[in-house]
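Enquirer: Residue numbers (numbering that gives the first Met the number 0): 0 to 117.
Misleading hints may appear alongside valid ones.
Said to hold, decoys possible - So the derived label-pair ranges between C-beta atoms look like this:
| no. | residue 1 | residue 2 | range |
| --- | --- | --- | --- |
| 1 | K65 | D3 | 13 to 21 Å |
| 2 | N101 | M64 | 17 to 25 Å |
| 3 | A5 | K78 | 26 to 34 Å |
| 4 | M64 | E11 | 30 to 38 Å |
Claimed, not checked - No more than 25 Å apart at the CA atoms, straight line, and that leaves these computed lysine-lysine pairs for DSS-like:
| no. | residue 1 | residue 2 |
| --- | --- | --- |
| 5 | K65 | K30 |
| 6 | K87 | K37 |
| 7 | K49 | K24 |
| 8 | K49 | K62 |
| 9 | K59 | K49 |
| 10 | K49 | K78 |
| 11 | K62 | K30 |
| 12 | K87 | K59 |
| 13 | K65 | K49 |
| 14 | K106 | K24 |
| 15 | K69 | K59 |
| 16 | K49 | K86 |
| 17 | K106 | K37 |
| 18 | K59 | K78 |
| 19 | K4 | K69 |
| 20 | K4 | K30 |
| 21 | K106 | K30 |
| 22 | K24 | K69 |
| 23 | K49 | K37 |
| 24 | K4 | K87 |
| 25 | K106 | K69 |
| 26 | K78 | K65 |
| 27 | K49 | K30 |
If you're looking for bench data, these hints aren't it; they were derived computationally from the structure. Since the model is a prediction, treat every value here as computed from it, not as a measurement. Don't be surprised by glycine CBs; every beta carbon is placed ideally from N, CA and C.
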Amino acid sequence: MSEDKAWRVPHESWWPQEEWNEEEKTSCLEKIAECGGKFDYVLSHTGPSKGIAETDDFFKNEKNMKELLKDSTVGFNDKVDEMIEYKKWFFGHWHSDWGWENFSGSKYVALYHQGMMI
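Please construct the entire structure, taking both the sequences and the accompanying hints into account.
Expert: Set out below in structure tokens:
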């Protein structure tokens, strides 16, 4: 969810489709159930709140975490995170390369510049 979409140009620097609609959420949850909830990797623009807090100290603060949880995409990712088993969750929204140097110690991998090298 782009908080700054008021300053962006629709279909150029912001897209209305960036958030899950209810049909997409339902379809995703059905596919998770069909697959038995086991995956090697998850790739998403933003991560679940646990991953974001692990990779960005700003969100270890309870007040900041409450603000983060207002993002419907993070909320949906949290639901998915609870439902599935996986090796790594890659996400780049936070423009951080934290995950690369912490790759072996975390299942959450925030990538930005270094993500292009994978």
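Enquirer: Now tell me if each hint is right for this structure.
Expert: Now the hints, each set against the structure:
no.	hint	result
1	K65 <-> D3: 13 to 21 Å	holds, 20 Å
2	N101 <-> M64: 17 to 25 Å	holds, 20 Å
3	A5 <-> K78: 26 to 34 Å	holds, 28 Å
4	M64 <-> E11: 30 to 38 Å	holds, 32 Å
5	K65 <-> K30	violated, 29 Å
6	K87 <-> K37	holds, 12 Å
7	K49 <-> K24	holds, 20 Å
8	K49 <-> K62	holds, 15 Å
9	K59 <-> K49	holds, 9 Å
10	K49 <-> K78	holds, 11 Å
11	K62 <-> K30	violated, 34 Å
12	K87 <-> K59	holds, 21 Å
13	K65 <-> K49	holds, 12 Å
14	K106 <-> K24	holds, 23 Å
15	K69 <-> K59	holds, 15 Å
16	K49 <-> K86	holds, 15 Å
17	K106 <-> K37	holds, 14 Å
18	K59 <-> K78	holds, 19 Å
19	K4 <-> K69	holds, 16 Å
20	K4 <-> K30	violated, 30 Å
21	K106 <-> K30	holds, 22 Å
22	K24 <-> K69	holds, 17 Å
23	K49 <-> K37	holds, 19 Å
24	K4 <-> K87	violated, 29 Å
25	K106 <-> K69	holds, 23 Å
26	K78 <-> K65	holds, 16 Å
27	K49 <-> K30	holds, 23 Å
Comparing the model with each numbered hint stated earlier shows that hints 5, 11, 20, 24 do not hold.
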